[in-house]
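Residue numbers (mature numbering (1 follows the signal peptide of the UniProt record, and there is no 0)): -24 to -1, 1 to 802.
Everything labelled a hint here was simulated from the structure, so no lab data went into it.
Each residue gets a CB set at the ideal place from its N, CA and C atoms; glycine is no exception.
Incorrect hints may appear among the rest.
[Claimed, not checked] In silico DSBU-like links for lysine-lysine, alpha-carbon gap of 30 Å or less:
#: 1; residue 1: Lys254; residue 2: Lys332
#: 2; residue 1: Lys373; residue 2: Lys626
#: 3; residue 1: Lys440; residue 2: Lys756
#: 4; residue 1: Lys554; residue 2: Lys440
#: 5; residue 1: Lys651; residue 2: Lys626
#: 6; residue 1: Lys748; residue 2: Lys554
#: 7; residue 1: Lys553; residue 2: Lys366
#: 8; residue 1: Lys748; residue 2: Lys440
#: 9; residue 1: Lys440; residue 2: Lys568
#: 10; residue 1: Lys756; residue 2: Lys651
#: 11; residue 1: Lys18; residue 2: Lys50
#: 12; residue 1: Lys777; residue 2: Lys366
#: 13; residue 1: Lys651; residue 2: Lys632
#: 14; residue 1: Lys468; residue 2: Lys777
#: 15; residue 1: Lys425; residue 2: Lys554
[What the hints assert, rightly or not] Beta-carbon label-pair distances, calculated as ranges:
#: 16; residue 1: Glu561; residue 2: Ile653; range: 42 to 48 Å
#: 17; residue 1: Thr9; residue 2: Pro119; range: 43 to 49 Å
#: 18; residue 1: Gly686; residue 2: Ala452; range: 42 to 48 Å
#: 19; residue 1: Pro210; residue 2: Pro119; range: 20 to 26 Å
#: 20; residue 1: Glu723; residue 2: Ala452; range: 29 to 35 Å
#: 21; residue 1: Ile337; residue 2: Thr591; range: 49 to 55 Å
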Amino acid sequence: MRPLRFWATFLPFAIILLGDLTCAQQSLPSCATQCLTDLLLKSACSPTDQACICTNVDLNEGLSSCVSANCTIKEGLTTLNVTNTECGAPIRDHTSLSIVIPAVGLCVLVFVALRIYTRLVIKKLEIGLDDWATILLGCIMVPVNVGSILLGKAGLGKDMWTLEFTSITRILYLFYIQELLYITCISLTKICFLLFYLRIFPSDRMRHVIKASCVVTVCYGLTFLFAFAFQCSPVSFNWNGWAGEHVGKCVQTNPLVVAAAAINIVLDVYVISLPIPKVLKLQASITTKIQVIFMFGVGFLITGVSIYRTIMLKLFATSTNPTWDNAAGGYWQNNLAHLGQSRRGGQMAVLAIATKILYNIYLHPLANFPGPKIYAASSFPVALAQLSGKYHLFTQKAHDEYGTVVRISPNELSFISATAWNHIYSRHQGNPPLPRDKTFFNDMLVDKKTLTMADPENHARLRKAMNPAFSPRALASQEPILQQNVELFLNKLQGHATNGLQLDLRLWYNYITFDMIGDLAFGESFGCLDSSGFHAWVQFVVDYFYVATLLQVVHRFSPLNKLLTALIPPSLMEQKKKHAELTAEKVNRRMKRRTDRLDFIHPLIEARDNGAIATDEIEQQASILILAGGETTSIALTSATYLLLQNPEKMENLTKELHTHFQHESEIDVSSMNKLIYLQAVIQETLRMFPPITNGFPRQTIIGGVQIDGHVVPDQTVVNVSHWSAYRSERNFSRPAEFLPERWLGEDLQFATDAKEVFQPFSVGPQSCVGKKFAYDSMKIILARTLWRFDMKLESTSKEKYSQPQVSYVSFHQSPLLVTLVERGA
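Construct the complete structure from the given sequences, taking the supplied hints into account.
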């Protein structure tokens, strides 16, 4: 690189002098001071007239010529820095670009790592030559990234005259190293692609062409690597020759840069185009051919970037301000190296993603179903909605805009019609119901031996063993256990009411429901009411629904689910293990206590004794009963209480019904619940407005497809009825956002058109909730006795929080329901 004459094209000098010539002379080099003094005497500007000095064209041009003739390069830079500073020229800084390059590089390295991981771990394939070349390329990109950061710190992206002279030398040295790395990277990128072609094309003729292309590419790389390495003599003149203080010489840089770039572009086009004739001859559909050609052809985008880089670097040899002029070209050069690497490691991933998105939107079997294009393109929107706890709102918004069936992810349809329930969850012409979606019902979430995960044959066997626990006779015998727990619950609340203390009723509903279910499932309470806190087993259940959401999101991204699963905190999985161990311990303790008590376990023990089920299956059913019954019942009770407190006239209607039918609290029992019509309506309206399971349980269509709600749905499609969306839709219910228990009484004509058949909070078909009757009974007893005994006042903080949309991770994650209780009649 020849010494640069920076002063030859100074910006208008806009010369200095904030007060007088003496001030300027103290800052300027002596050669520039003499030039300024002589020129001011001949100009029309006064030495104290800063505006005139900064804007006088003749004066600035004269100063530029004078400094060029009489000052060294460093003196010229100092002069330019002083004049720009004193005249208030803007400070330019693009050094932030240096951070972009490592960020892009990190993404590309992740793509490469995922590719290698997929081949080695998931597909169990050997690493080929093309993969080794890609790994080598990734290693070379590490110093490229480091160099980009160092260039930014040194000042690449700032005007040269604002930098220290040592920083300029450092930038030119780093730029020299980066240029050599760049030539290596672009050559190795082409080698990666050619080695990939060598692996996938078996034709001898094609292989000879590919091998010859490899030789040409290697020759290109070595030739220009040598040319750029020794363009100056001595080599150090590349970075210390700029100031004219060292002896050396350089070849003409501009022709070298243009030649290297032009040959690189030609090779790019050649390598990218090489497989296209073979693709056109494939025995495949035109759609497949277009996708494959598109995958290879997107590399032309990178070629376009190469052309842009060539234009930017053409200024390299003649620039008078290289730390500013070459910033874009230098950073684009490194970015291009990343993009080049992405052609083999990341490009295959990026292009596959791009192709997949286009396929999902326009060519997928579900392409004609309504829904937002962004939902159809990728599973990311629905995954983000799940992680944010807004999946139910996400689905509702889509249904409100697009109708009763919506495509909410590339391979998933959501329905909200009444007929869809039977089409999805019931038997079809003697065939079993549609199989469960393995993304939702994954074996990391729930054991395969549970009623929730069992195949149709085992489900029927387990359901037969469990049905006696929920028969009318069993439920009647379980009522004393239910009433005993409710009495303890109310006595605990009474202590708070007596002391006038505020309490979180949501927590206390959790305590009663888990103690009650635990008593019935294990033969012993969890002791939540006694301790006024969660047992460790119960705490896991409360946290379980968020863990379930994480696992469901992870399983949406096969084959990366194994890798993503590893990122889930080990503590969560350890909790799951401890939960299973504690369940086994409690079940075994209950089985040792031989009793005629008809709790949930009793008929399962009899089934085991008859050889119908195994001991570990009893453990799994007990666990799933508490998972399904404890938290969901608590959510329903919390929601009902909030809605009643927000609607005093509804609360008055319910308490009036209670006091009309009962003279004493002791009269409130399960057998009397049937005559409490308004209470039943309150429970139903609560489950409509706040269904404990917000989005339902997805199924997967079978081979040959099925017809759902008048739509032919292709096989392997995930289908679902969204509780929240169906119950909140104006297509199904009038005034859906309002709490109106009267809609269930059948008396008001404004609700005559409500599609009440769509309301299925416990699902339908052979896999519907086995404990539906028990859930209704327990909710009614707890709510009725609580409202009989206490008046309540909702605190303003809870009123505000519950008026906002609630987040849901499979089930609602409710805020505290802070109330003040007053015992009736006290």
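Tested hints:
At most 30 Å may separate the alpha-carbon atoms for a hinted pair to count; lysine 254 and lysine 332 meet this at roughly 22 Å. The straight-line distance between the Cα atoms of lysine 373 and lysine 626 is roughly 29 Å, inside the 30 Å bound, and the hint therefore holds. Our distance criterion of 30 Å between C-alpha atoms is met by lysine 440 and lysine 756, whose separation comes to about 27 Å. A C-alpha spacing of about 29 Å is found between lysine 554 and lysine 440, which places the hinted pair at or below 30 Å, so the restraint holds.
Only pairs whose Cα atoms come within 30 Å are accepted, and lysine 651 paired with lysine 626 is accepted, the gap being roughly 18 Å. Between lysine 748 and lysine 554 the CA atoms are separated by roughly 29 Å; this keeps the pair inside 30 Å, and the hint holds. Between lysine 553 and lysine 366 the CA atoms are separated by roughly 29 Å; this keeps the pair inside 30 Å, and the hint holds. The straight-line distance between the Cα atoms of lysine 748 and lysine 440 is roughly 16 Å, inside the 30 Å bound, and the hint therefore holds.
Between lysine 440 and lysine 568, the direct Cα distance comes to roughly 23 Å. Compliance with the 30 Å bound is thereby established for this hinted pair. Restraint check for lysine 756 and lysine 651: the C-alpha separation of about 12 Å stays at or below 30 Å, so the hint holds. A distance of roughly 27 Å separates the Cα atoms of lysine 18 and lysine 50; the hinted pair therefore holds under the 30 Å criterion. For the hint pairing lysine 777 with lysine 366, the CA-to-CA distance comes to about 15 Å; that is within 30 Å, so the pair holds.
For a cut-off of 30 Å, the pair hint linking lysine 651 to lysine 632 stands: about 13 Å separates their Cα positions. Taken as a hint, the lysine 468 and lysine 777 pair is honoured in the structure, with Cα atoms around 26 Å apart against an allowance of 30 Å. Annotation: proposed proximity of lysine 425 to lysine 554 holds, straight-line Cα distance about 18 Å (limit 30 Å). Taking the beta carbon of each, glutamate 561 and isoleucine 653 are about 44 Å apart, inside 42 to 48 Å as hinted.
Our hint of 43 to 49 Å for threonine 9 and proline 119 holds, since their Cβ atoms are close to 44 Å apart. Our hint of 42 to 48 Å for glycine 686 and alanine 452 holds, since their Cβ atoms are close to 44 Å apart. For the pair proline 210 and proline 119, the beta carbons lie near 23 Å from each other, so the given range of 20 to 26 Å is met. For glutamate 723 and alanine 452, the Cβ-Cβ distance of about 31 Å falls inside the hinted range of 29 to 35 Å, so the restraint holds.
In this structure the hint that isoleucine 337 and threonine 591 lie 49 to 55 Å apart at CB holds, the actual value being about 51 Å.
Violated hints are absent here; each numbered hint is respected by the structure.
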